[in-house]
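Visitor: Chains as they are written, first to last, in my numbering: chain Z, 1 to 155; chain W, 1 to 298.
Because the hints were derived from the structure by calculation, they are not lab data.
Just so you know, these numbers come straight off a predicted model, no measurement behind them.
Here a beta-carbon is modelled for each residue, glycine too, at the ideal position from N, C-alpha and C.
Watch out, some of these pointers could steer you wrong.
As the list claims (entries may be wrong) - Derived CB-CB ranges, DEER-like: (1) Z/Lys86 x W/Ile67: 52 to 60 Å; (2) Z/Ile155 x W/Asn29: 48 to 56 Å; (3) W/Pro187 x Z/Val132: 13 to 21 Å; (4) Z/Thr72 x W/Pro102: 32 to 40 Å; (5) Z/Arg108 x W/Pro187: 19 to 27 Å; (6) W/Glu280 x Z/Lys147: 35 to 43 Å; (7) W/Lys13 x Z/Arg108: 27 to 35 Å; (8) Z/Pro134 x W/Arg61: 44 to 52 Å; (9) W/Asp267 x Z/Lys147: 34 to 42 Å; (10) W/Gln141 x Z/Leu133: 53 to 61 Å; (11) W/Pro102 x Z/Val132: 26 to 34 Å; (12) W/Asn29 x Z/Leu133: 36 to 44 Å; (13) W/Phe233 x Z/Glu73: 44 to 52 Å.
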Amino acid sequence: MTKKDPSGGLIISPIKNGTVIDHITAGEALNVLRILGITGSTRECLSIATNVRSKRMGRKDVVKIENRELRTEEVDRIALIAPQAKINIIRDFRVVEKKGVEIPEIIRGVVRCPNPGCITNTNEPVASAFEVLPKGLHCLYCDWLLKDDIAEHII
Amino acid sequence: MYHIISIRDLERKDLDYLLDRAREFETGNCRSCRLEDKLAALLFFEPSTRTRMSFATAMARLGGRSISVDSVEASSIVKGETLADTIRVVSGYADAIVLRHPKEGAARLASEFATVPVINAGDGAGQHPSQTLLDLYTIRQSMPVDGIDVGLLGDLRYGRTAHSLALALSLYGVTLHTIAPGGLEMPANITLELRERGMEVIEHENVEEVIRDLDVLYVTRIQRERFPDSASFYNVASSYRITPDLLSGVRDNLMILHPLPRAGEIDPAVDNTPYARYFEQAKNGVPVRMALLHEVMK
Chain Z
1 MTKKDPSGGL IISPIKNGTV IDHITAGEAL NVLRILGITG STRECLSIAT
51 NVRSKRMGRK DVVKIENREL RTEEVDRIAL IAPQAKINII RDFRVVEKKG
101 VEIPEIIRGV VRCPNPGCIT NTNEPVASAF EVLPKGLHCL YCDWLLKDDI
151 AEHII
Chain W
1 MYHIISIRDL ERKDLDYLLD RAREFETGNC RSCRLEDKLA ALLFFEPSTR
51 TRMSFATAMA RLGGRSISVD SVEASSIVKG ETLADTIRVV SGYADAIVLR
101 HPKEGAARLA SEFATVPVIN AGDGAGQHPS QTLLDLYTIR QSMPVDGIDV
151 GLLGDLRYGR TAHSLALALS LYGVTLHTIA PGGLEMPANI TLELRERGME
201 VIEHENVEEV IRDLDVLYVT RIQRERFPDS ASFYNVASSY RITPDLLSGV
251 RDNLMILHPL PRAGEIDPAV DNTPYARYFE QAKNGVPVRM ALLHEVMK
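Bound conformation, chain Z alone (with noise of 0.2 Å):
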């Protein structure tokens, strides 16, 4: 175990295998688990530090996951309130994967429309989809324009 001196700041653990989520925009960290379905009681262990002083950002959050590497699909609905972070896959201390996330033009079936008169609000065979736009998310069925509260939206 390695561990940064107390008087420098942080003292977080390197974890054997899972992920590592850093540079999450500061005060998003449980949120990005809320995404992740990871609650009170589900059984992973985790890391959370929030509001840690970053060169890049100023402040950011960090999340470390242990035993459960991320997949893509999870990583696109981070980006959407998080997306300066990094994605870091462990596997026995050491990172074999890291990559940024991406927000791609569409998505489908992450968030859920505001709307109640959509379409997608109802029992119809279709997943929501939206496009990423700097303004906000498109709703490509009723046009609505989601623009706050994205994380309070992700299904």
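For this one, chain Z is given, so just place chain W on it according to the hints.
Guide: Below, chain W alone, put in the same frame as chain Z:
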């Protein structure tokens, strides 16, 4: 295959082409344009008089036939069938589907499951592209659309016809004046989109301050069903009414349009003025819808 789902899907050249075609149908210059062996399914899951009847009339005038569902209660939706399944089934019966549905995005969904073209005849508070085409057609009968001043009055929040028309007018260099009672203003994201498209949008508190500057006044109905009680509805509904007195000093070419049905927004005395064009507008639904039906089924 060619679906007609949203005005957003159409460029100006598409609109102009369809309007030109409608003109040919109106003047009888397209006698060979027939759909004699074609059948259109009119699926109307919301009340409609003009839209449904004008589509049926258009199909008949083209020599084709139509079958219809006129309400949710008369369809298998009451048995729990999804719209997607209904569309798949009806695709096997007809050569095109005309859909009116209370949910926004229903026509887009239908186009994904249909194996025949789908025409959106109004989906919730969303889009109503065939209405927009006949609105444009009516304006174009009297004046070029480019560069005119158009006022949209009424429920601009939920009014799908106002949303579709505003988006279409943004392709014609029109200056848009929005006039809506408190709480029923044009949604901010649509106003933003219009401005991003380069449209000048001017918001007004009442129609009196702008009516003399308009070439077109497009009046819409306040939808009673949106209000929690009848008192609050009447407060808003009585906030505007077009009367002959209000029309003194307006431009000679002013055209008053209304997608109908009206519910008191326009005094019947206005019907006899040269400005009233809403019944012609409704009549124009037939050639415009003939053009649409022919385009998707030819």
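Visitor: Is the gap between the beta carbons of Z/Thr72 and W/Pro102 within 32 to 40 Å?
Guide: 36 Å, holds
Visitor: W/Pro187 and Z/Val132, beta-carbon distance inside 13 to 21 Å?
Guide: 20 Å, holds
Visitor: Taking 52 to 60 Å as the stated bounds, is the beta-carbon spacing between Z/Lys86 and W/Ile67 within them?
Guide: 58 Å, holds
Visitor: For the hint 26 to 34 Å, verify it against the beta carbon of W/Pro102 and that of Z/Val132.
Guide: 28 Å, holds
Visitor: Do the beta carbons of Z/Arg108 and W/Pro187 sit within 19 to 27 Å of each other?
Guide: Holds, since Z/Arg108 and W/Pro187 (Cβ atoms, about 24 Å apart) stay within the stated range.
Visitor: At the C-beta level, are Z/Pro134 and W/Arg61 separated by a distance inside 44 to 52 Å?
Guide: 46 Å, holds
Visitor: For W/Asp267 and Z/Lys147, compare the CB-CB distance with the range 34 to 42 Å and indicate the outcome.
Guide: 41 Å, holds
Visitor: Lying within 48 to 56 Å: is that true of the beta-carbon distance Z/Ile155 to W/Asn29?
Guide: 53 Å, holds
Visitor: Mind checking the hinted window 35 to 43 Å against the Cβ distance between W/Glu280 and Z/Lys147?
Guide: Cβ of W/Glu280 to Cβ of Z/Lys147: about 40 Å, so the range 35 to 43 Å holds.
Visitor: Taking the beta carbons of W/Phe233 and Z/Glu73, is their distance inside 44 to 52 Å?
Guide: Between W/Phe233 and Z/Glu73, where Cβ atoms are some 45 Å apart, the hint holds.
Visitor: Kindly confirm whether 36 to 44 Å is satisfied by the beta carbon distance between W/Asn29 and Z/Leu133.
Guide: 42 Å, holds
Visitor: In this structure, is the beta-carbon distance linking W/Gln141 and Z/Leu133 contained in 53 to 61 Å?
Guide: Because 37 Å falls outside the window, the suggested range is violated.
Hint compliance for this structure: hint 10 is the single one not met.
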